[in-house]
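Residue-level listing of the chains:
Protein chains: 2
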Amino acid sequence: MSKIHNFSAGPGILPAEVLKQASEACINFDNMNLSLLEISHRSKNYEAVIAEAQSIIKELFEVGNDYEVFYLGGGASLQFAMVPYNLLRENGTAAYLNTGVWATKAIKEAKLLGNVNVVASSEDKKFTYIPKGYAIPTDADYLHITSNNTIYGTQIKEFPKCPIPLVCDMSSDIFSRKVNANDFTLIYAGAQKNIGPAGSTMVMVKKDALGKTGRKMLSMLDYNVHIKGGSMYNTPPVFPIYVTMLTLKWLKANGGVAWIEKLNQQKADLIYNEIDRNSLFYGTVAKEDRSNMNVCFLMHKPELEIEFDKFWKDANISGIRGHRDVGGYRASIYNAMPIESVQVLVDVMKEFEKKFA
Amino acid sequence: MSKIHNFSAGPGILPAEVLKQASEACINFDNMNLSLLEISHRSKNYEAVIAEAQSIIKELFEVGNDYEVFYLGGGASLQFAMVPYNLLRENGTAAYLNTGVWATKAIKEAKLLGNVNVVASSEDKKFTYIPKGYAIPTDADYLHITSNNTIYGTQIKEFPKCPIPLVCDMSSDIFSRKVNANDFTLIYAGAQKNIGPAGSTMVMVKKDALGKTGRKMLSMLDYNVHIKGGSMYNTPPVFPIYVTMLTLKWLKANGGVAWIEKLNQQKADLIYNEIDRNSLFYGTVAKEDRSNMNVCFLMHKPELEIEFDKFWKDANISGIRGHRDVGGYRASIYNAMPIESVQVLVDVMKEFEKKFA
Chain A
1 MSKIHNFSAG PGILPAEVLK QASEACINFD NMNLSLLEIS HRSKNYEAVI
51 AEAQSIIKEL FEVGNDYEVF YLGGGASLQF AMVPYNLLRE NGTAAYLNTG
101 VWATKAIKEA KLLGNVNVVA SSEDKKFTYI PKGYAIPTDA DYLHITSNNT
151 IYGTQIKEFP KCPIPLVCDM SSDIFSRKVN ANDFTLIYAG AQKNIGPAGS
201 TMVMVKKDAL GKTGRKMLSM LDYNVHIKGG SMYNTPPVFP IYVTMLTLKW
251 LKANGGVAWI EKLNQQKADL IYNEIDRNSL FYGTVAKEDR SNMNVCFLMH
301 KPELEIEFDK FWKDANISGI RGHRDVGGYR ASIYNAMPIE SVQVLVDVMK
351 EFEKKFA
Chain B
1 MSKIHNFSAG PGILPAEVLK QASEACINFD NMNLSLLEIS HRSKNYEAVI
51 AEAQSIIKEL FEVGNDYEVF YLGGGASLQF AMVPYNLLRE NGTAAYLNTG
101 VWATKAIKEA KLLGNVNVVA SSEDKKFTYI PKGYAIPTDA DYLHITSNNT
151 IYGTQIKEFP KCPIPLVCDM SSDIFSRKVN ANDFTLIYAG AQKNIGPAGS
201 TMVMVKKDAL GKTGRKMLSM LDYNVHIKGG SMYNTPPVFP IYVTMLTLKW
251 LKANGGVAWI EKLNQQKADL IYNEIDRNSL FYGTVAKEDR SNMNVCFLMH
301 KPELEIEFDK FWKDANISGI RGHRDVGGYR ASIYNAMPIE SVQVLVDVMK
351 EFEKKFA
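Quick mapping for you: the protein sequence lines, in order, are chains A and B.
If you count the first sequence from 1, position 88 lands on 88 in the numbering used here, and the numbers rise without skipping.
If you count the second sequence from 1, position 257 lands on 257 in the numbering used here, and the numbers rise without skipping.
Just so you know, the hints here were simulated from the structure itself, not pulled from any lab data.
Where hints are given, some of them may not hold.
[Unchecked claim] Cut-off 16 Å, straight-line C-alpha distance, at most; resulting in silico cross-link-like pairs (EDC-like, lysine to aspartate or glutamate):
| hint | chain 1 | residue 1 | chain 2 | residue 2 |
| --- | --- | --- | --- | --- |
| 1 | B | K206 | B | E68 |
| 2 | B | K20 | A | E123 |
| 3 | B | K44 | B | D30 |
| 4 | A | K108 | B | D222 |
| 5 | A | K252 | A | E59 |
| 6 | A | K20 | B | E24 |
| 7 | A | K108 | A | E123 |
| 8 | B | K105 | A | E123 |
| 9 | B | K108 | A | D222 |
| 10 | A | K216 | A | E123 |
| 11 | B | K252 | B | E52 |
| 12 | B | K301 | B | E353 |
| 13 | A | K252 | A | E52 |
| 14 | A | K105 | B | D222 |
| 15 | B | K206 | B | D222 |
| 16 | B | K3 | B | D314 |
| 17 | B | K350 | B | D276 |
| 18 | B | K206 | B | E62 |
[To be verified] Per label pair, the in silico range of CB-to-CB distance:
| hint | chain 1 | residue 1 | chain 2 | residue 2 | range |
| --- | --- | --- | --- | --- | --- |
| 19 | A | A253 | B | K350 | 34 to 42 Å |
| 20 | A | D66 | B | P163 | 48 to 56 Å |
| 21 | A | D309 | B | A51 | 21 to 29 Å |
| 22 | B | K206 | A | A48 | 24 to 32 Å |
| 23 | B | R324 | A | D269 | 50 to 58 Å |
| 24 | A | E62 | B | K3 | 53 to 61 Å |
| 25 | A | A253 | B | K108 | 23 to 31 Å |
[Said to hold, decoys possible] Which bits of chain A does chain B cover? Going by a derived footprint, with three or more residues having C-beta under 8 Å, they are:
| hint | region |
| --- | --- |
| 26 | 152-166 |
| 27 | 224-235 |
| 28 | 298-309 |
Beta carbons are placed, not taken as given, at the ideal position from N, Cα and C, and that holds for glycine.
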């Protein structure tokens, strides 16, 4: 069968060698002659997986032992609740930056647990830009930001200098570029965009930020319980964490974040340059805030979409129809997306222009 | 390589054909030429998986449209919190039967949300029996029971006639035997014992029992949110749910619950008869409460354990060391365990007796 160019927004593309190892582990994991799906998570073979999945996060983020890493189920959506549950003091206030659908959902959950101060929002222009120059209240318990917006295709290029604990949902651009992780108190990411399959969510948090809310806590919602349990307070999502670990090892083995950042910039430049050059297409968001992960674009003549859809489908391209809130097209070019596939899409756009401009 | 006889207590054994399909789906799912791990959960191919995973539960339980089925991450441990969060009225009381470690954990979470009435407990005899003849308070919001105790090897053989909503953690014996599911208001099960891999938890609930607590609810903890979202309010644990669906289809295709109940009884009889016959071993729990899933047994002379360990390891048996709370041995004989493997264990016990009795 011919190769599919997978631009899916998430769950998104994973490295072929990771998929091969994942497939093999379903039959025979770690030469145990047993499937990874049917062994104890307390076996020494799996304990090595969890340990590696934790330590590689700290290595790639270049942080020390003041941070703890663990994996949970429930996706970023569960973290929208767990962040205020663990960090927002009873009767305290949390600050949120609203840059789209996911930030809005995070704000909704925080409001159920305390006061929320939305420091800035780009809702006035349908989330097509990243607000800047906003004031951060120094008496709030934390500021929550969303580093990349999958739906609208915006990305925070410069993180705010933050006088209070900074919390970031990095689900859709984690390890796509260098960040100074030590500036963050908490980083979380659903794995299924850049670092693994659905079902595994990474949380990295500064230990000393926890235990201050005064809240009586349900065990499974308490970060300290998961830290104390070594990311295995209860049976973890064994297979999704394994594939996440493989994906992170793939990144590290190929050159780490510095390597992928350069490649991601080349991929983004390739397609954004074509969008700007091509007379049939235009980008949807402010140029300085364009996401290097999710590239959203529309056609000047929407009636040509039917024809364009035939073009890219013929080229074995998959998953570039835009989110229903934006329409048009969205090419998600996560870490595992090869530049060759981006070139295929660009070539299709060029050919399409020749025929229909 | 020679076959391993996998008696792991959980995550536990899965059918070989399910593992093969799971392995294939990691490379090419549903002839999409894409991995199941990198496609949208909103693709029609995956929506068919979720739909099947929901409908087959209702089919196997023989329940109608007054029940809703959905899958979550977080395991049974998260349900320990979500059950009272969704069913225990503010200032209300919930009744719990305490039959072991898991029930104790469920009770702990419920106490964080309201009043708990423990109707009976077998803690006085280290959970080696199932309490019977207890009174159920008619003014409690629900009675919570644990159908099978994985650690101590007990199983509720006859469910209580319950004048209030009956809630059951069936994690370790779901679909191992016929139950009258219509007697239950809510059944939940972490998949990793009998119906799938870790990372997928099934919840089946009567719609009309929900929305009565008066509690302001976090979205991800609200059963109604997941029902309304069709089990996809957020990105679900895609792969674990797929393998769960495959395991349930395997059960159905082979004859369903009636078929497996008969087979499970044969497997249990085979090993319990040997434990009772063999002069070196004895069972740990009251005979009438013995689990057909987790068979716990000890040696009269514990000093022989080192020798016995060599015997079963030589026979390619895996995972029968007992839980640290009980010691000795625990043979977990879940649905996917072939009777041939149980026979291998029984033969090993017989040979061992010949040499060491």
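Each hint tested on the structure:
Between K206 of chain B and E68 of chain B, the direct Cα distance comes to roughly 6 Å. Compliance with the 16 Å bound is thereby established for this hinted pair. Taking the CA atoms of K20 of chain B and E123 of chain A, the gap is about 48 Å. The hint is violated against a cut of 16 Å. Distance hint between K44 of chain B and D30 of chain B is fulfilled; the C-alpha atoms sit about 11 Å from each other, no more than 16 Å. Between K108 of chain A and D222 of chain B, the direct Cα distance comes to roughly 14 Å. Compliance with the 16 Å bound is thereby established for this hinted pair.
Distance hint between K252 of chain A and E59 of chain A is fulfilled; the C-alpha atoms sit about 9 Å from each other, no more than 16 Å. With a C-alpha separation of about 10 Å, the suggested pair K20 of chain A and E24 of chain B falls inside the 16 Å cut-off, and the hint holds. Of the supplied pair hints, the one linking K108 of chain A and E123 of chain A holds, its CA atoms being roughly 15 Å apart against a limit of 16 Å. For the proposed pair K105 of chain B and E123 of chain A, the alpha carbon gap of about 43 Å is over 16 Å, so the pair is violated.
Restraint check for K108 of chain B and D222 of chain A: the C-alpha separation of about 14 Å stays at or below 16 Å, so the hint holds. For the suggested pair K216 of chain A and E123 of chain A, the alpha carbons sit about 35 Å apart, so the restraint of at most 16 Å is broken. Distance check on the hinted pair: K252 of chain B and E52 of chain B sit about 12 Å apart at the alpha-carbon level, within 16 Å; holds. Under the criterion of a C-alpha separation no larger than 16 Å, the hint pairing K301 of chain B with E353 of chain B is consistent with the structure, at around 12 Å.
The hinted pair formed by K252 of chain A and E52 of chain A meets the criterion: a straight-line CA distance of about 12 Å does not exceed 16 Å. Between K105 of chain A and D222 of chain B the alpha-carbon distance is near 15 Å, which keeps this suggested pair within the 16 Å criterion. With a C-alpha separation of about 14 Å, the suggested pairing of K206 of chain B with D222 of chain B holds against the 16 Å cut-off. Distance check on the hinted pair: K3 of chain B and D314 of chain B sit about 12 Å apart at the alpha-carbon level, within 16 Å; holds.
The hinted pair formed by K350 of chain B and D276 of chain B meets the criterion: a straight-line CA distance of about 12 Å does not exceed 16 Å. Between K206 of chain B and E62 of chain B the CA atoms are separated by roughly 13 Å; this keeps the pair inside 16 Å, and the hint holds. The hinted range of 34 to 42 Å is not satisfied by A253 of chain A and K350 of chain B, whose Cβ atoms lie roughly 50 Å apart. Judged by the Cβ atoms, the range 48 to 56 Å given for D66 of chain A and P163 of chain B holds: they are separated by roughly 54 Å.
Look at D309 of chain A against A51 of chain B: about 26 Å separates their beta carbons, and that is inside 21 to 29 Å. Separated by about 43 Å at the C-beta atoms, K206 of chain B and A48 of chain A break the suggested range of 24 to 32 Å. Here the CB-CB span from R324 of chain B to D269 of chain A is close to 57 Å, well matched to the stated 50 to 58 Å. The hinted range of 53 to 61 Å is not satisfied by E62 of chain A and K3 of chain B, whose Cβ atoms lie roughly 45 Å apart.
Separation of A253 of chain A from K108 of chain B is about 43 Å and departs from the stated range, judged on CB atoms against 23 to 31 Å. Restraint check on the region 152-166 of chain A versus chain B: 0 residues with Cβ-Cβ distances below 8 Å, three needed, restraint violated. Using a Cβ-Cβ cut-off of 8 Å, 3 residues of the region 224-235 of chain A lie near chain B, which meets the minimum of three, so the contact claim holds. Counting residues of the region 298-309 of chain A whose C-beta lies closer than 8 Å to any C-beta of chain B gives 0; at least three are required, and the coverage claim is violated.
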